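Visitor: The primary structure of each chain is shown beneath.
There are 2 protein chains.
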Amino acid sequence: MAALPITAEPAALPSLQLSSKYAGLHVDAARTNATLQAACVWGSTPDGGMNRLTCNDDDKSVRDWFISETKKYGCHHKVDEMGNIFAIRPGQNNSLPPIGLGSHLDTQPTGGKYDGILGVVCGIEVLQVLHANNVTTFAPVAVVNWTNEEGARFPPAMLCSGVWGGEFTVAYAQGRQDLEGNTLGEELKRIGYMGTTPASYDANPLLAHFEVHIEQGPILDVARKPVGIVRGVQSIRWYNVEIQGREAHTGTTPMDRRSDALLGAAKMILETNRIVTETEVAPRGGRATIAVINSSPQSINTIAGKVSLGLDIRAPADSDVELIEQQCREAFEIISYKHGLTMTFDNFWNSPALAFDPTMVSCVRQAAAEVGCSIEITSGAGHDSVYTSRKVPTAMVFVRCRDGVSHHPAEFSREEDCAAGAEALLGAYLRYDDYIRRATSTAKI
Amino acid sequence: MAALPITAEPAALPSLQLSSKYAGLHVDAARTNATLQAACVWGSTPDGGMNRLTCNDDDKSVRDWFISETKKYGCHHKVDEMGNIFAIRPGQNNSLPPIGLGSHLDTQPTGGKYDGILGVVCGIEVLQVLHANNVTTFAPVAVVNWTNEEGARFPPAMLCSGVWGGEFTVAYAQGRQDLEGNTLGEELKRIGYMGTTPASYDANPLLAHFEVHIEQGPILDVARKPVGIVRGVQSIRWYNVEIQGREAHTGTTPMDRRSDALLGAAKMILETNRIVTETEVAPRGGRATIAVINSSPQSINTIAGKVSLGLDIRAPADSDVELIEQQCREAFEIISYKHGLTMTFDNFWNSPALAFDPTMVSCVRQAAAEVGCSIEITSGAGHDSVYTSRKVPTAMVFVRCRDGVSHHPAEFSREEDCAAGAEALLGAYLRYDDYIRRATSTAKI
Numbered sequence: 001m002a003a004l005p006i007t008a009e010p011a012a013l014p015s016l017q018l019s020s021k022y023a024g025l026h027v028d029a030a031r032t033n034a035t036l037q038a039a040c041v042w043g044s045t046p047d048g049g050m051n052r053l054t055c056n057d058d059d060k061s062v063r064d065w066f067i068s069e070t071k072k073y074g075c076h077h078k079v080d081e082m083g084n085i086f087a088i089r090p091g092q093n094n095s096l097p098p099i100g101l102g103s104h105l106d107t108q109p110t111g112g113k114y115d116g117i118l119g120v121v122c123g124i125e126v127l128q129v130l131h132a133n134n135v136t137t138f139a140p141v142a143v144v145n146w147t148n149e150e151g152a153r154f155p156p157a158m159l160c161s162g163v164w165g166g167e168f169t170v171a172y173a174q175g176r177q178d179l180e181g182n183t184l185g186e187e188l189k190r191i192g193y194m195g196t197t198p199a200s201y202d203a204n205p206l207l208a209h210f211e212v213h214i215e216q217g218p219i220l221d222v223a224r225k226p227v228g229i230v231r232g233v234q235s236i237r238w239y240n241v242e243i244q245g246r247e248a249h250t251g252t253t254p255m256d257r258r259s260d261a262l263l264g265a266a267k268m269i270l271e272t273n274r275i276v277t278e279t280e281v282a283p284r285g286g287r288a289t290i291a292v293i294n295s296s297p298q299s300i301n302t303i304a305g306k307v308s309l310g311l312d313i314r315a316p317a318d319s320d321v322e323l324i325e326q327q328c329r330e331a332f333e334i335i336s337y338k339h340g341l342t343m344t345f346d347n348f349w350n351s352p353a354l355a356f357d358p359t360m361v362s363c364v365r366q367a368a369a370e371v372g373c374s375i376e377i378t379s380g381a382g383h384d385s386v387y388t389s390r391k392v393p394t395a396m397v398f399v400r401c402r403d404g405v406s407h408h409p410a411e412f413s414r415e416e417d418c419a420a421g422a423e424a425l426l427g428a429y430l431r432y433d434d435y436i437r438r439a440t441s442t443a444k445i
Numbered sequence: 001m002a003a004l005p006i007t008a009e010p011a012a013l014p015s016l017q018l019s020s021k022y023a024g025l026h027v028d029a030a031r032t033n034a035t036l037q038a039a040c041v042w043g044s045t046p047d048g049g050m051n052r053l054t055c056n057d058d059d060k061s062v063r064d065w066f067i068s069e070t071k072k073y074g075c076h077h078k079v080d081e082m083g084n085i086f087a088i089r090p091g092q093n094n095s096l097p098p099i100g101l102g103s104h105l106d107t108q109p110t111g112g113k114y115d116g117i118l119g120v121v122c123g124i125e126v127l128q129v130l131h132a133n134n135v136t137t138f139a140p141v142a143v144v145n146w147t148n149e150e151g152a153r154f155p156p157a158m159l160c161s162g163v164w165g166g167e168f169t170v171a172y173a174q175g176r177q178d179l180e181g182n183t184l185g186e187e188l189k190r191i192g193y194m195g196t197t198p199a200s201y202d203a204n205p206l207l208a209h210f211e212v213h214i215e216q217g218p219i220l221d222v223a224r225k226p227v228g229i230v231r232g233v234q235s236i237r238w239y240n241v242e243i244q245g246r247e248a249h250t251g252t253t254p255m256d257r258r259s260d261a262l263l264g265a266a267k268m269i270l271e272t273n274r275i276v277t278e279t280e281v282a283p284r285g286g287r288a289t290i291a292v293i294n295s296s297p298q299s300i301n302t303i304a305g306k307v308s309l310g311l312d313i314r315a316p317a318d319s320d321v322e323l324i325e326q327q328c329r330e331a332f333e334i335i336s337y338k339h340g341l342t343m344t345f346d347n348f349w350n351s352p353a354l355a356f357d358p359t360m361v362s363c364v365r366q367a368a369a370e371v372g373c374s375i376e377i378t379s380g381a382g383h384d385s386v387y388t389s390r391k392v393p394t395a396m397v398f399v400r401c402r403d404g405v406s407h408h409p410a411e412f413s414r415e416e417d418c419a420a421g422a423e424a425l426l427g428a429y430l431r432y433d434d435y436i437r438r439a440t441s442t443a444k445i
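Line by line, the protein sequences are chains E and D.
Mapping the first sequence onto UniProt numbering, position 72 (from 1) lands on 72, and the numbers just tick up by one.
Mapping the second sequence onto UniProt numbering, position 413 (from 1) lands on 413, and the numbers just tick up by one.
If you're looking for bench data, these hints aren't it; they were derived computationally from the structure.
Just to be clear, a hint being listed does not mean it is correct.
What the hints assert, rightly or not - With a Cα cut of at most 30 Å, we get these calculated DSS-like pairs of lysine-lysine:
#1 E:K78 with E:K391
#2 D:K60 with D:K189
#3 D:K21 with D:K225
#4 D:K225 with E:K338
#5 D:K306 with E:K306
#6 D:K391 with D:K78
#7 D:K391 with D:K71
#8 E:K338 with D:K338
#9 E:K225 with D:K71
#10 E:K60 with E:K189
#11 E:K60 with E:K72
#12 E:K60 with E:K71
Since the model is a prediction, treat every value here as computed from it, not as a measurement.
Chain E on its own, in the form it takes in the complex:
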């Protein structure tokens, strides 16, 4: 049983008009908010934020809550070897894999109540709408809690959707350690969430994957729009730049006889910023940031002999990331030459640009239009949907968050914006269920 093939071209899309069967179904804003508050009982912090690291006792408690809550709306559950939980509500055609509505319940150590949690809560709200209206969908639906999306306790991020999507092996992921040396596998066993279902698309498929997530950026907040349509995920490349100069005494070395690695690094930081703000890539959404710097020997009277930089380049198109990389590399080489420095420029991680499935995105687009929204965004950050898209049609809905702030206790989305996100998810998901119904019956002819 395989997922339907990803549709190729938006131009060739079928009608995605919502069937009469699903007309009149809407989410309940107050209920959605109540579910969100319930999902934040365990691990909340006095400053209004959350601290719920993967597999701690609060994570166990919220997982128990998630299972008992979704049982109320007719779900049975699968827990896989990575602790990913699939709360499955049957449909009319249970030989199909379920359509997934997923995100994550773990948080950063100083995180907020919306990143990840809102996506799971919107999935539960969809279940509640179906349950309250006594609707049986065509395909089954699964609300999914992906384990360790943040990677805050067990790096890297998006670990367990990554296992499901084939990026990481189970052995690698279960062996990831926290700072105390505990492995994720041991901790999953400790809290009773190492399941027996194989953690893979092949053994435990979904038909598709929708995800609601806060934007974690300011575009919607500036535009005063509750939701946005996510077209895909930016191309991302990470680099480590090592700059070697010559240590020398700050007091005795004339200014014109220095090979100052930190002065060179400062020029590189400015050039990086100039390239993405003043050249052709700027209007195309190119971004480049140096956020990590380390220098040695950390002595106020010894000119820095060695500086390392972490460089993050992103753009909607892979070609623009390549262009920014090339411009940075050339600029850095010129700076190094002028200052008598040596430099290495090492690309240690790539994530190519990802375009979500056109049919899925169209479903989101039509559903978003019904809540008055049409802004289309390329996600700047990674999400579980990056890895589900490796296997199944995937799309995302972004929800406005105040000032674009995330990974911080001040992270906040208004109740009406959260409800708009749930409404867009409901509309998009039901359109896709309709689409599957039609595609399946056509296939039968």
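Guided by the hints, dock chain D onto chain E, whose structure is given.
Guide: Frame of chain E; chain D shown alone:
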């Protein structure tokens, strides 16, 4: 018994012609080099450098050697409460305090064979010349090994000349700890070098202090001159700059909606460099360096929210240091305003400009002329002479070092340059002894 007053004006200087009694005395280059090699037996490293931290077993060994070596040339010894060793060779008038020829035998952990060691070795060479020629000087002479000049094990630098000169108390200095929590006092006792002589000018005065030291900068090497005349020490101020921006996701935050503390810091580094290379202070020898940087949260995909910088400003004149400070502060405030950053600019240490005693400097000038050198340098670095100058007439001789490199195993001064340094010290010291003889006899009249 107090030191002679510091003379006010070079114009009023007495003749410093070397008396016939001292004519024909010269150092021996090979002997000076042999002494240097002997002084580097303990703590030498395979890369040609030195690792002799204060009060380690190698430091005890070289102290034992220093005492036994200087005994050969007629010295008796005083060891004070800070382990400073005074190897005193009597003169004709032993009611006068000795003229000091001092420097230090401790090194950086990855240091060289010349920084400090050469100064003590040149003092020993002077003793050898006097001894070999059976000369009894007018005043007694003391070769001094000051403890913990580097401050590498027990910060701060120049600690024990600082106690002698009244900058630090004995209790403070003896209580300084290394990284393992051992105090300098405990370690001095352990190696048998906590003496009973009070560590102070008042209780154990010198009449004056000469010091030979490698330049630790490139001026003499560029000019191809073996020695230089040190006029004094630059004005130095150290600052801590804290920059606060706003942490945000590198992938989701548009370039024009950032308060990037590291981008602001990079602009400050460039402005600092511009101020001392392109404004009026440049030809007057102003220097400013940011050599220390730290950023948080050290995550490649989170814009730096906080950056701290260490700023070192120097110039021969205090007024230029003030001017550079003012220009940096104004530039930093403008950068902070433009980027939405907040900044604090904290001056945590000052060392005002120091002009060495004109009579002493004239002695060095005349002696340097006899080895063909006339370059005058304001020292960019601190030395034990900074603190001796608080109490007694002080002057220094700089010796050329290859490429200006210091605090590194590659630190190197040629044998003939080291000998020229010793010759300049001998000539300057003997001129001052003559001067004291004449001044004392005049005073008696």
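Visitor: For the pair we were handed, D:K391 and D:K78, check the Cα-Cα distance against 30 Å.
Guide: holds, 19 Å
Visitor: So if I understand the rule, the pair passes when the alpha-carbon distance is 30 Å or less; does E:K225 with D:K71 pass?
Guide: Violated, at roughly 88 Å.
Visitor: Is E:K60 within 30 Å of E:K71, Cα to Cα?
Guide: Between E:K60 and E:K71 the Cα gap is close to 17 Å, so the pair holds against 30 Å.
Visitor: For E:K78 and E:K391, compute the direct alpha-carbon distance and say whether it is at most 30 Å.
Guide: Distance of about 19 Å is within 30 Å: holds.
Visitor: So if I understand the rule, the pair passes when the alpha-carbon distance is 30 Å or less; does E:K60 with E:K72 pass?
Guide: This hinted pair holds, its Cα atoms lying about 19 Å apart.
Visitor: What's the verdict on D:K21 and D:K225, does the C-alpha distance respect the 30 Å limit or exceed it?
Guide: holds, 29 Å
Visitor: Is D:K60 within 30 Å of D:K189, Cα to Cα?
Guide: Answer holds: D:K60 to D:K189 is near 11 Å, not above 30 Å.
Visitor: Regarding the pair E:K338 and D:K338, is the alpha-carbon distance no greater than 30 Å?
Guide: holds, 28 Å
Visitor: Taking only the CA atoms, is the gap from D:K391 to D:K71 under or equal to 30 Å?
Guide: holds, 27 Å
Visitor: Does the structure keep D:K225 and E:K338 at a Cα separation of 30 Å or less?
Guide: The hint holds at about 28 Å.
Visitor: Just to be careful, I want the Cα atoms of D:K306 and E:K306 compared with a cutoff of 30 Å; is the pair within it?
Guide: holds, 21 Å
Visitor: Given the proposed pairing of E:K60 with E:K189, does the C-alpha separation stay at or below 30 Å?
Guide: holds, 11 Å
In summary, the one numbered hint that this structure violates is 9.
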